[in-house]
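Model the placement of chain V with the ligands on the given structure of chain U, informed by the hints.
Chains U and V are the protein sequences, given in the same order. Under the working numbering, the first residue of the first sequence is numbered 1, with each subsequent residue one higher. Under the working numbering, the first residue of the second sequence is numbered 356, with each subsequent residue one higher.
Since no wrong hints were added, every one of them can be taken at face value.
When the alpha-carbon atoms are kept at most 30 Å apart in a straight line, the in silico DSSO-like pairs for lysine-lysine are as follows:
| # | chain 1 | residue 1 | chain 2 | residue 2 |
| --- | --- | --- | --- | --- |
| 1 | V | Lys-565 | U | Lys-300 |
| 2 | U | Lys-196 | U | Lys-147 |
| 3 | V | Lys-636 | U | Lys-196 |
| 4 | V | Lys-636 | U | Lys-54 |
| 5 | V | Lys-430 | V | Lys-378 |
| 6 | V | Lys-629 | U | Lys-54 |
| 7 | U | Lys-196 | V | Lys-629 |
| 8 | V | Lys-406 | V | Lys-378 |
| 9 | V | Lys-608 | V | Lys-636 |
| 10 | V | Lys-608 | V | Lys-378 |
Derived by calculation from the structure, the hints in this document are not laboratory data.
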Amino acid sequence: MDILTQVEPSGQVAPREFAALEDAVLEIADLQTHFFTDDGVVRAVDGVSYAVRKGETLGVVGESGCGKSVTALSILRLVANPPGRIVGGAIRFEGRDLLEMSESEMEEIRGNEISMIFQEPMTSLNPLFTVGRQIAEAISLHQGLGKREAMELAIEMLNRVHIPEPASRAQAYPHQLSGGMRQRVMIAMAMSCNPKILIADEPTTALDVTIQAQILDLMREIQEQLGQAIILITHDMGVVAENADRVVVMYAGRKVEEAPVDELFDNPGHPYTMGLLSAIPNLEEAAHDEGGQARLNEIKGMVPSLANLPPGCVFAPRCGFATDQCTSAYPPLTEERPGHWVACWHAGRLLEAGS
Amino acid sequence: MSAPATGNGADGEAPLLAVHDLKKHFPIHHGVISRVVGQVYAVDGVSFEIKPGETLGLVGESGCGKSTVGRTVLKLLEPTDGRIEVRGTDITGLNARAMMPYRQQMQMIFQDPYASLNPRMSAAQIVEEPLIIHDVGAAAERTERVAQLFERVGLGARHMHSYPHEFSGGQRQRIGIARALALNPDLIVGDEPVSALDVSIQAQIINLLKDLQEEFELSYLFIAHDLAVVEHISHRVAVMYLGRIVEITDKTKLFETPLHPYTEALLSAVPIPKARSRGRKRTILAGDVPSPINPPPGCHFHQRCPYAHDRCRVEAPTLREILPGHQAACHLHDDGPALPLATPAGD
Ligand SMILES: Nc1ncnc2c1ncn2[C@@H]1O[C@H](COP(=O)(O)OP(=O)(O)OP(=O)(O)O)[C@@H](O)[C@H]1O
Ligand SMILES: Nc1ncnc2c1ncn2[C@@H]1O[C@H](COP(=O)(O)OP(=O)(O)OP(=O)(O)O)[C@@H](O)[C@H]1O
Ligand code: SF4
Ligand code: SF4
Ligand SMILES: [Mg+2]
Ligand SMILES: [Mg+2]
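The shape of chain U in the complex, shown without the other chains (with noise of 0.2 Å):
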């Protein structure tokens, strides 16, 4: 376990842990990505760490803007600067720092290594060409094969992400096809050069159920096929229990618990992630409500702003178990069980309360 000693700029003493993660394909340590705007420094990912094994899937869940694109972005290296910029940490890959490579060398690595899939296709689709051109420019650009044989594994592709009559579809500009057809002619594309990690943001948050699932199952399936790595970056706590290995909690930019999946949900350790998990309706629930009663927990206030954060403990203010340590000190990262990380200052104590 490494642990780093940090000064931060507002003066804080922040001690950040991280363990190794054993046979772990790509490894995020320490990563802190920053906005220079005119109303300060946006700390949008500050202190974060995490890794995943192939063939798992990472799920990575906190409220809007706590952080989970920034630090997608930041792996491949696709965060603007101006006014973004990687100011510390490490992004291991295969053993290499992907942020000491070159940008020829990290061209080699999107698409054809790590690859991602976006919340909204319509903005990574070219409107002006057809789906099958835009899979096969990234395959000859990536494998380096002529057009013929682009266009077959193109229409290949297709067929593997269940469009039916794939030859034909390849021939259809994106706003022909309908959202869910969209979001799997990107899973095709993103799959094509047969990548080690795929990186999915919310590529289920803009479909409705039905399509979700058959999204999902469909990125299950090629997992099971080829063993991709998967971080899957969502807030649907449900997507994240039926399809995560482990799972990621981050708050305000930082990771404020990680565990295995069912141990997340069994016992949550972070104040946080207690507070979300009981403030989902839960749908068996709900239906057996007959009088409308009941009433969901809320977590009181709202998240601070990431450009001027409360010293301590960054849930403190919205927080039932806050204490003087709490507004004091940021609570480390801490092993409470096996695989089960949390930064809270009484994760113990809640810990034990809770099982």
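Leaving out everything else, chain V with the ligands in the frame of chain U:
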């Protein structure tokens, strides 16, 4: 065997809102002379009732016509056909002037708290605006009413003079709710009022809506695509598919004994946020939602339905009472209730 399509209130309480066979078609224009070349059958024969103090949830896939139902019921869109009654009075043909008193009674909350508030007005002005339009009270009374509303929806008085961009999503939605409450309405149509919010904020707003309902005996037409949210807030739920209601009943029956194959698939597709859900077995529907421009003949769902049979491809099923207080539109139940659904149909 067939029951009137609106007779879903088993007890005799008079409905606040009754909608009969409502249709809204949008013409598709083409070319220089704007020839009408087709219709979008956005809402194609929808009937339901809402009682005082009741919440009817409306769910269905994107584009199935939920928002169009909400907007047509409030006559923000002119219905193509059908009838809308408020406490027994037909308001379908009323002109803008005659609609005024009904407009007061029926308000709307929108999905996007960012787009639905005028960026150039302060929060207090936004909430006061309906009072001015409907000429309610003198200036001093209105100011007091606005202050009360701010307090009631949990916004501090210090926020009254801030502008929309200074608020978070949840706070903006509270402003929208305060505005909707300003005229003491009986019915609020919420068009995905919590869909854009984070879970922890969503819970705050749902609790607020429930409290307000109890306090003011409000009725809600609550439109959403998250079935767990809808089941949580609603008393009864209507499921829409491609312009039509395919099932409507109280929330427990809908969950326990779905009578329509689409409802069954929808329930099965909802991801469950619990331990040991990984790789859960479920009914996965093939295919995409068909277009409302060229809806398929017969049952609109037949191309995706695992139980489709010959009759489904030619004859549209009508929404009718299959079990007491439980309506569905599906040929599986033509010879009496067929449960569980997988029971082979009688043809
Ligand atoms: N170009 C930018 N300039 C300034 N701040 C930015 C920029 N891009 C992102 N941020 C900030 O970084 C923070 C993290 O953003 P990020 O997109 O990673 O959130 P997220 O967790 O993916 O949220 P969501 O669930 O809404 O997608 C946010 O507070 C956001 O405002
Ligand atoms: N003004 C309009 N002109 C033409 N077509 C329209 C218009 N408004 C809506 N439609 C179409 O009517 C259908 C129903 O739309 P509506 O917005 O009611 O669906 P919805 O169920 O609310 O969907 P969502 O869940 O995406 O909000 C859609 O096919 C839509 O494209
Ligand atoms: S450290 Fe304190 S304030 Fe932070 S989550 Fe734990 S108990 Fe709450
Ligand atoms: S009528 Fe036929 S196609 Fe339609 S839902 Fe019933 S069984 Fe399926
Ligand atoms: Mg994001
Ligand atoms: Mg809508």
